[in-house]
Amino acid sequence: MDHPIKLSHTSALILQTISQGYSYGFDIMDVTGLPSGTVYPALRRLERDRLIQSTWENEALAQERPPRKYYRLTRSGNQALLSAVKRYPLLERLRLEAKPKGR
Amino acid sequence: MTSRFDTLEQCRMILLVASWIVPRRARAEWLREWEAELASAWQVSRSDRSTFSGNQLRRRCWGAFLDAAWYRCNREDLRHASRRWSQTPAFLLLTLVSTLLMFALASGELLRMRSILLKPPYRDPKRIATVSRTGVINSSEWVIPFSWVEIWRKHESSHVSVAAYSWKPRTSVFTVDGHQVMAASVKVEQDLFRVFGVTPELGKTDRPSEAQGLANCLVLSYESWRRDFESDPGLLQKKAVIDGHEARIIGVLPERFWFPSNDVAVWRLVDDRSFSGENVGVVARLGPQVSERWAEAFLQRDIENSAGESPWDAALQVWPVQDRIRQPMIFYALALGVALLLMIPVICSGRLNLRPQTAEVARACRWWSFFGTKSFLLLSILLAVVIELTPEPYVFPAGKTTFIVESASLWAFSIGSVFLLWWSLADQQSRCRVCLRKLTLPAHIGRSGCLFLSWVGMELACPEGHGLLHITETDVCWLDPAQWTPLDESWESLFSERSEIGVFE
Chain U
0 MDHPIKLSHT SALILQTISQ GYSYGFDIMD VTGLPSGTVY PALRRLERDR LIQSTWENEA
60 LAQERPPRKY YRLTRSGNQA LLSAVKRYPL LERLRLEAKP KGR
Chain P
0 MTSRFDTLEQ CRMILLVASW IVPRRARAEW LREWEAELAS AWQVSRSDRS TFSGNQLRRR
60 CWGAFLDAAW YRCNREDLRH ASRRWSQTPA FLLLTLVSTL LMFALASGEL LRMRSILLKP
120 PYRDPKRIAT VSRTGVINSS EWVIPFSWVE IWRKHESSHV SVAAYSWKPR TSVFTVDGHQ
180 VMAASVKVEQ DLFRVFGVTP ELGKTDRPSE AQGLANCLVL SYESWRRDFE SDPGLLQKKA
240 VIDGHEARII GVLPERFWFP SNDVAVWRLV DDRSFSGENV GVVARLGPQV SERWAEAFLQ
300 RDIENSAGES PWDAALQVWP VQDRIRQPMI FYALALGVAL LLMIPVICSG RLNLRPQTAE
360 VARACRWWSF FGTKSFLLLS ILLAVVIELT PEPYVFPAGK TTFIVESASL WAFSIGSVFL
420 LWWSLADQQS RCRVCLRKLT LPAHIGRSGC LFLSWVGMEL ACPEGHGLLH ITETDVCWLD
480 PAQWTPLDES WESLFSERSE IGVFE
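From first to last, the protein sequence lines are chains U and P. For the first sequence, numbering that gives the first Met the number 0 begins at 0 and goes up steadily by one. For the second sequence, numbering that gives the first Met the number 0 begins at 0 and goes up steadily by one.
Just so you know, the hints here were simulated from the structure itself, not pulled from any lab data. Take these hints with a grain of salt, some might be off.
Said to hold, decoys possible - Which residues of chain U face chain P? A few of them, derived with a C-beta cut under 10 angstroms, are:
1) Gly24
2) Met28
3) Pro34
4) Thr37
5) Val38
6) Arg44
7) Ser53
8) Glu56
9) Ala59
10) Arg64
11) Pro66
12) Lys68
The structure displayed is predicted, hence computed values, not measured ones. Just so it is clear, CB atoms sit at the ideal spot from N, CA and C, and this is done for glycine as well.
Please model the complete structure; the sequences and the hints are all you need to start from.
Here it is as structure tokens:
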């Protein structure tokens, strides 16, 4: 049986943020207040551990700007987030405002 | 608007520079992601209601360096590259050279080794010799009764001058200005330094006239002065206490002077009465044109005539100090010779199959010069460690026999050199016959045997795909050697694919 990955506070916060619909680097930085030097390496680690998955934005949807890379939680990412919430009770209290779609 | 445009260009420049850190294969995608984020943020910042400043944007872009560094340091290719580098012959040689250099620095730049191999800091060192008795059975009687020294001094001529010292150094508690040091000390006649012809680094080595009433005048070694007293030039003016007795430091000897042991830090100048009735070590300076045999006969005749000793009891040996200091090197060379002799049958038998498997002279030279350099460096490290770390007094009052039997360093070097040469051979065997890289991918072959559970054989492959090495593990026959199978170009794609294997899942 696989043991769930134990996440750091930062990684758990980023997972939580992505689960709320904030799905690209600068957006996550805006919401969490974490610097880019923390957010991006954390995203790389989470992707390496298959907790999130990245996809490129459809070029047709990106207007007047280059397409962005979006991140979303995988199934194991969801499980890891659930166990992280148990480990870090404060995280559960953190209710981010769900991001309106299309932004 | 213009400043905002500048900000965007600056941010792009930061991202471009940071992208050079990212491995080439992932660089384009990495830059694309960051530039998209930047463009998006730029759009937001253009809106009137935005509180997003240019500084904030720049600060975010500086974070790209951390991201790029993470990318570089956490990717498999870095580990793969370091693993491949560790397989190269250059890596091993560099490691050995670094080890030798680090040990040299840690041991104070190989003080003992230099004191053996370099010219000693006194006048005409070839004319300095120890005098010991040979007509005795017990090695503890090889030392000289002090009464003999007094006889020689009465008949002292320009041919031979002598000085006595207590042959066993002792550990003393040495205090200067409340600073306590444990140091090896030895009692010497003040003539000892005159006989050696040594010029002090600081102060003098003669007992000053005003110190006649003082029991102890001390001379320090250069190393002790530097290490224990931080090269304090005012040390000569300070009062000292050694083993509870008041003393005065009168001088510091030059660097690399040591006698009779490298550990001696303090020489206590004593008068003749201190040695009365004792057996002592004796140092002599031979005059020009005076040979050791002539000096032996000259000194022996004095003893026979003045003390009435029989020729057997008065038999002496005069032995140049420099020869004695370098005596261990001869035995180390002999021990090395024996170790090499032991290796020759192994190399010649072909069991390890150490031939470079090439007709090219240059490649064969590279193969054997790597083996020679590696073995030389290994033996140099061993020699340095043995000489620097074994507490060996190099100038015994006794002779060769004692050194051979009691020398821990000689035994350590003998055993160590056999072990290291064997390791060097084994390492050479497990290297590619073409590129000298360490062979990898060990695969056991056959079934594990019932004898010691060893396997029939093992195969190793060159990481560059030059060939395979088959090593017999269960000895069926001594003449069943390791076999090298060269791989032709058709295998190249397999190994190049392997080296391309990525990186990041």
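Hint check results:
no. : hint  : verdict
1   : Gly24 : holds, 5 angstroms
2   : Met28 : holds, 7 angstroms
3   : Pro34 : holds, 5 angstroms
4   : Thr37 : holds, 8 angstroms
5   : Val38 : holds, 8 angstroms
6   : Arg44 : holds, 8 angstroms
7   : Ser53 : holds, 8 angstroms
8   : Glu56 : holds, 8 angstroms
9   : Ala59 : violated, 15 angstroms
10  : Arg64 : holds, 4 angstroms
11  : Pro66 : holds, 6 angstroms
12  : Lys68 : holds, 5 angstroms
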